[in-house]
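Trainee: Protein sequences, first through last, are from chains Y and U. When the first sequence is numbered by the working numbering, its final residue is 117 and no position is left out of the sequence of numbers. When the second sequence is numbered by the working numbering, its final residue is 234 and no position is left out of the sequence of numbers.
Incorrect hints may appear among the rest.
As the list claims (entries may be wrong) - Taking lysine-lysine pairs in the BS3-like style, the calculated list, with each CA pair at most 25 Å apart, reads: (1) Lys-195(U) to Lys-3(Y); (2) Lys-73(Y) to Lys-161(U); (3) Lys-200(U) to Lys-132(U); (4) Lys-132(U) to Lys-188(U); (5) Lys-161(U) to Lys-200(U); (6) Lys-132(U) to Lys-161(U).
Claimed, not checked - Computed footprint of chain U on chain Y; a stretch qualifies when at least three of its residues, placed anywhere within it, have a C-beta under 8 Å from a C-beta of chain U: (7) 40 to 47; (8) 85 to 97.
Everything labelled a hint here was simulated from the structure, so no lab data went into it. For each residue, glycine too, the CB sits at the ideal point set by N, CA and C.
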Amino acid sequence: AQKITQTQPGMFVQEKEAVTLDCTYDTSDPSYGLFWYKQPSSGEMIFLIYQGSYDQQNATEGRYSLNFQKARKSANLVISASQLGDSAMYFCAMRETGGTSYGKLTFGQGTILTVHP
Amino acid sequence: EAGVAQSPRYKIIEKRQSVAFWCNPISGHATLYWYQQILGQGPKLLIQFQNNGVVDDSQLPKDRFSAERLKGVDSTLKIQPAKLEDSAVYLCASSLEPLWGSTDTQYFGPGTRLTVL
Chain Y
1 AQKITQTQPG MFVQEKEAVT LDCTYDTSDP SYGLFWYKQP SSGEMIFLIY QGSYDQQNAT
61 EGRYSLNFQK ARKSANLVIS ASQLGDSAMY FCAMRETGGT SYGKLTFGQG TILTVHP
Chain U
118 EAGVAQSPRY KIIEKRQSVA FWCNPISGHA TLYWYQQILG QGPKLLIQFQ NNGVVDDSQL
178 PKDRFSAERL KGVDSTLKIQ PAKLEDSAVY LCASSLEPLW GSTDTQYFGP GTRLTVL
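Construct the complete structure from the given sequences, taking the supplied hints into account.
Mentor: If you want it as structure tokens, here you go:
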């Protein structure tokens, strides 16, 4: 079974609008972390935002916020006021801390975001 | 603060040849990861080091892939002999905190794009 599922292969948004990228996850570990990374065409993975499983509030980092719904096992990324430079591939990833996972990141398939002027 | 350094950025080889990639993590980061990212997919962990010891190499094809981190700082990943299906981007990442820290954030290098002909 997929541990991280990103159901949107591609998303389009108008510049200055907000966009939500979906991510659902599956784990039995009570302690885990959820990450979003941005990968532009240059290839580097840029860390955007982190949410811990015990965090009471949704994480925010500038224009990025994470809509964390623990009971539904979803961790959607919201980008407000989209910019042309936001066009990239976005990956959701989970870090489990129990068992033999040793904290490795498990990534979803990614969502390609295109921002139109 | 300098980020994760990787070299080379690009490599083209023929099948059955050997190739090596180098990674220098962020200063002070104890944990180092090598990921393989096949086109259109999310990164997949190949091997994880804590200082100079291997923590997880369960997904490393050990018949052809090897990695070392002798002094607990920089690392090399080798493929010998290469196959067509090894064409991918090889990403190195590092993180600061101990394995059991759920707030651990991995920072990635620019990657090495390998093409096997």
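Trainee: Are there hints from earlier that the structure breaks, and if so, what are their numbers?
Mentor: As far as the earlier hints go, 1, 4 are violated by this structure, in ascending order.
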